[in-house]
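Chemist: Using the hints, position chains B and C against chain A.
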Amino acid sequence: MTTIDQAPPVAAAKRDRSRAWRKMKKNRSALVGAVIVLFFAILAASAPILPIIDPVATSWTAIRKAPSAMYWLGTDDLGRDILSRMIWGAQASLMAGVFSVAIAVGIGVPFGLISGYFGGWVDMVISRITEALLAMPFLIMAIALAAFLGPSLMNAMIAIGLSAMPIFVRLTRGQVLAVKTEDYVEGARAVGLNHFEIMTRYILPNVFAPIIVQATLTIATAIIAEASLSFLGLGQQPPAPSWGSMLNVAKNFLSQAPWMAMWPGAAIFLVVIGFNLLGDGLRDALDPREA
Amino acid sequence: MMRLTKLTTALLAGALFAFPALAVDLRIGLQDDADVLDPAQSRTFVGRIVYTALCDKLVDVSPDLKIVPQLATEWKWSADGKELTMKIREGVKFHDDTPLDAAAVVATIERNMTLPESRRKSELTSVAKVEAAGPLEVKFTLKSPDVTLLAQLSDRAGMIVSPTAAKALGANFGSKPVCAGPFKFVERVQQDRIVLEKFKDYWAKDKIFVDKVTYLPIPDTTVRLANLQSGDLDFIERLAPTDVAAVKGNSGLKYDATVNIGYMALYANVGNGPRADNPFGKDKRLRQAFSLAIDRDAMNQIVYEGTAVGGNQPFPPNSPWFNKAIPVPARDVAKAKALIKAAGFDRVPVELQIPNNPVAQQMMQILQSMVAEAGFDVSLKSTEFATLLEEQTRGNFQLSRSDWSGRVDPDGNIHQFVSCKGGINDVKYCNPDVDKLLNEARASTDDAVRKQKYDAASVILNEDMPVIYLGHQSWIWAYKKTITGFVASPDGMIRLQGVKKG
Amino acid sequence: MPVYIGKRLLVAIPTLLIISIFVFSLQKLLPGDPILAMAGEERDPAVIEFLRDKYRLNDPVVVQYFYWLGGVLTGDFGISLRTNQPVLELILQKLPVTIQLAVMAMFFAMLIGIPIGILAAVKKNTFIDYIANVLALTGLSIPNFWLGIMLILLISVQLGWLPASGFESIFVDPVRSLQTMVMPAFVLGNALAATLMRHTRSAMIGVLSADYIRTARAKGLSPREVILSHSFRNALLPVVTLSALLFGELLAGAVLTEQIFTIPGFGKLIVDAVFNRDYAVVQGVVLCTAVGFILMNLFADVLYVLLNPRLRATL
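Chains as they are written, first to last, in my numbering: chain A, 2 to 292; chain B, 64 to 565; chain C, 97 to 411.
Okay, chain A solo, but in the shape it has when bound (with noise of 0.2 Å):
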């Protein structure tokens, strides 16, 4: 799990977004990673309408054929297109990543701006129990929680989001503390807007820079996370695919189709790097330190 607890504390004033993206646009290796993942995601998103073979139908004639033309990327155990369950399967990959890191966004954010702007002992607890919950390993978690929910691609989402969630509570409030000293929150304050005001419209839009860094990143990871649950058979069920439900039933054709298990594996590793180059970016974009 990437953290970014190093990140400075946000400057006071309210962010200068044009710099933040002239410097964007200046930092090669992030547009690299946004047109990965753009092209991933638009590949996602035009699936249904792509001149592709169903991803579900099967044809015993065609049962595990090495790539040709016919089948660009071979067929599986099943005789199933693998161009199309890949294209399929990246609607999976790519919804697990966002939908669970939201899970964690929505359920982290807010606990940390209440820890960090109460203090006192809703702090203390709060920070307690996210203490006890990052000292749990991040895929056990996951991988009693997909059990515990049954095997399915919704549920492993839940598992990985609630997993990731104790770092956002963590990342949230270290950020809170820095600000909520800041001037124009005392001002708020003083001028009498109430708690949930201050939180929604003077801090949270000064702390959020570093989540989304921390975000993007976290798709990364929990990309890497669908995949491993789908392995070990806790996300992605048949028939519907996705990247890591593939590689699950390639491994037992390892020799046989090897095909089967480098497709897969190279799109999850293409995906993350697209996620972690955009992170990196964000990240050099819009920190305030390096000019």
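Treat the hints as calculated values from the structure; they're not laboratory data. Where hints are given, some of them may not hold.
As the list claims (entries may be wrong) - Here are the simulated DSS-like cross-link-like pairs (lysine-lysine), alpha carbons at most 27 Å apart as the crow flies: (1) B/Lys184 to C/Lys150; (2) B/Lys239 to C/Lys124; (3) C/Lys219 to A/Lys27; (4) B/Lys139 to B/Lys202; (5) B/Lys544 to B/Lys275; (6) B/Lys261 to B/Lys275; (7) B/Lys263 to B/Lys156; (8) B/Lys129 to B/Lys239; (9) C/Lys220 to A/Lys27; (10) A/Lys66 to B/Lys311; (11) B/Lys270 to B/Lys230; (12) B/Lys202 to B/Lys192; (13) B/Lys230 to C/Lys150; (14) B/Lys444 to C/Lys124; (15) B/Lys347 to B/Lys444.
What the hints assert, rightly or not - Cβ pair distances, simulated, as ranges: (16) A/Ile43 to C/Tyr308: 48 to 54 Å; (17) C/Leu165 to A/Val126: 57 to 63 Å; (18) C/Trp257 to B/Thr545: 20 to 26 Å; (19) B/Glu526 to A/Ser60: 31 to 37 Å; (20) C/Leu403 to B/Arg457: 43 to 49 Å; (21) A/His196 to C/Leu317: 53 to 59 Å; (22) B/Asp409 to A/Pro52: 27 to 33 Å; (23) C/Lys103 to A/Phe119: 20 to 26 Å.
Glycine included, each C-beta is placed from N, C-alpha and C at the ideal position.
Modeler: The following block gives chains B and C in isolation, referenced to the frame of chain A:
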């Protein structure tokens, strides 16, 4: 240069010292880790494989599934079938030098029947009393005639353990098992290895040509085979059918295969709770249609590369108990459609619960597309095995896929699944006629009579179809060419008597 | 210093209590009845009832929790439902395996990560730096389990150079031990190498631009001396701390690696236990890992203070 030579000599000497040339070391790759190594408590298939080397039984099973002598040299049923007398082999010793006599046999059987942790109780329910009729003679008195007892005694219930060790260790016997098999226990590291060494006082020691056996659990079939190919293992069980070609193509390896005594099946909930209350559970025509829509041969070809055989009964077609009057049906979509129509349906939704392992999933996806052509819309619900079992017991399923590892006596493949009070009758099928036939078959010592009863029961079950049998897998073993003397047996065991490595 | 450690330990107590509750509730979370699976293919009702009682599964949850906690505090983690072995014994048996794997992985990670990190820092913004960054990203992005099965396919199956699985203790047969561990340690270590490399790089960049380095350069010391004796020593500080922290994560990362290479360590123990619903083992192992993680954190902090003369003075 001098130093180098010295070093090489030292290394060579060390190597010679560490590996005495004469010791024959056999390394066997198993698919799972065995559970507790106490014959009274254990329940895994791989555990039984280890026992074939560790613990001798009263009787054994031959490759053609006949009961043959092991620790008991001969036995006799009384005329009413309620008494079984066994003569115990003379001069047999346990690994701790305790002599094996009638008293030890009685102690073991009583332990199996009374130890609170014992998993053998249901196998020995018919036994009322066991006693020593002489120093080397044991008498079983039964509550009611039960010919299946002999088959039970050919497995864990009949493995005789040292009374000294059993008394000392109690339920902890598995931490250091002491039996009377050809090999004795050395050490066990969970999930890693079980090591046994040759027992020098074994009663048939002239048949043992291996000095040390190491069992290594390696669940992944690819990795298991890779270890055999690289020479780290000598022998592996349950080779994946898709890997048979790789073994054939390797000049240093060979393989053996034989159809096993178990079966693969779909269990249809016909009476277990509210989930049975649906057309598929209520109308046998739909279940018949479902069975007809399956191309068993094609399925076996794709999933098992032709190593499995199709089936429609609890016994494989090559078994003497198979009812030849009901052959395995060929696929007949038209007839299946007609049956569905007769039942008043066009398309029938069915939820099929399957274990989340790739092989089961592959097979059920094939089945899904086959029966779809006849009119069944099957949705697959994958669960982990631990959950699948629970759902099956609780009746929270419509159709469920699971396997039975098989028993030597036909009774073990059928009675407990479909008799009204059967312990694992998860489908809650209940038909007094079937009960009567199965109980009569259990009581008769005449195989011809038994066969007649099972044939009659099979006809009824094939009609009502609470269990849709799919077929029978093969056990496939692969091993180095240098290994000789291994005999493939339908029970899947690896018997080391006569096995040589040279 | 002892006061500082004592304070830190005291603060860890509530966290540990919360962890114990989480760990215990794992049992209630997992669906499926372990006793059913344990009762064997025949599932004898009498056996099932006996086992339920024996493992206190019929008691109220709270009572079960306190029994368990009481046991844990006295060193009794219960016994494995599957093999009847005491959980503590299992843990002590498996821990050395995973520690050996983790140490070797860490060794790989440092061997690859630190030199490349230094190189990248020295050659900042050159082609070498760029390549190093690509390497690091590759390490971070490649799915461990995929790398594992690809290596088995290539190195064990195709080339037959290394065993595909297994484990031998380094104290019993060092050669074989290393042979079986090379691939898993590499698979586990490569992601860490990436993290280490990046941190070494940024720490070195920070140090290289510091005033005293400029002074040293101005004094005419060779670049080699500047980098190795002056810069690296100072850059080492955060790297060492980070290594200690990563070590905790390594234990967790071993889960899939052990599964693929069939290494009988902690990770395999826990995954198998989850799938077999071997509650006592799941609880015991997760608890140990969590405690280990907290201890490693503490260790890292103490190390940081010890290595940093300025901080040491304030304590």
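Chemist: Against each hint, give a clear statement of whether it holds in the structure.
Modeler: Now for the hints, and whether the structure bears them out:
Straight-line distance between C-alpha atoms of B/Lys184 and C/Lys150 comes to about 17 Å, which keeps the hinted pair within the 27 Å bound. Distance hint between B/Lys239 and C/Lys124 is unfulfilled; the C-alpha atoms sit about 33 Å from each other, more than 27 Å. For a cut-off of 27 Å, the pair hint linking C/Lys219 to A/Lys27 stands: about 20 Å separates their Cα positions. Restraint check for B/Lys139 and B/Lys202: the C-alpha separation of about 10 Å stays at or below 27 Å, so the hint holds.
About 19 Å separates the Cα atoms of B/Lys544 and B/Lys275, which keeps this hinted pair within 27 Å; it holds. With a CA separation close to 6 Å, the supplied pair B/Lys261 and B/Lys275 stays within the 27 Å bound. With a C-alpha separation of about 10 Å, the suggested pair B/Lys263 and B/Lys156 falls inside the 27 Å cut-off, and the hint holds. With a C-alpha separation of about 31 Å, the suggested pairing of B/Lys129 with B/Lys239 is violated against the 27 Å cut-off.
Proposed proximity of C/Lys220 and A/Lys27 is supported: the alpha carbons are some 17 Å apart, at most 27 Å. The hinted pair formed by A/Lys66 and B/Lys311 meets the criterion: a straight-line CA distance of about 21 Å does not exceed 27 Å. Proposed proximity of B/Lys270 and B/Lys230 is contradicted: the alpha carbons are some 31 Å apart, above 27 Å. Restraint check for B/Lys202 and B/Lys192: the C-alpha separation of about 8 Å stays at or below 27 Å, so the hint holds.
Of the pairs offered as hints, the one joining B/Lys230 and C/Lys150 holds, with about 20 Å between alpha carbons and a cut-off of 27 Å not exceeded. A threshold of 27 Å between alpha carbons decides the hint, and for B/Lys444 with C/Lys124 the separation of about 23 Å falls inside it, so the pair holds. A distance of roughly 23 Å separates the Cα atoms of B/Lys347 and B/Lys444; the hinted pair therefore holds under the 27 Å criterion. In this structure, A/Ile43 and C/Tyr308 meet the distance hint of 48 to 54 Å, their C-beta atoms being roughly 52 Å apart.
As the Cβ distance of C/Leu165 to A/Val126 is approximately 20 Å, the hint placing it in 57 to 63 Å is violated. At about 22 Å, the CB distance of C/Trp257 to B/Thr545 agrees with the hint of 20 to 26 Å. At roughly 35 Å, the beta carbons of B/Glu526 and A/Ser60 sit within the given window of 31 to 37 Å. At roughly 59 Å, the beta carbons of C/Leu403 and B/Arg457 sit outside the given window of 43 to 49 Å.
A beta carbon spacing of about 57 Å between A/His196 and C/Leu317 agrees with the range 53 to 59 Å that was offered as a hint. For the hinted restraint 27 to 33 Å between B/Asp409 and A/Pro52, the CB-CB distance of approximately 32 Å keeps it satisfied. For the pair C/Lys103 and A/Phe119, the supplied restraint of 20 to 26 Å holds, since their beta-carbon distance comes to about 24 Å.
In this structure, the hints that do not hold are numbers 2, 8, 11, 17 and 20, in rising order.
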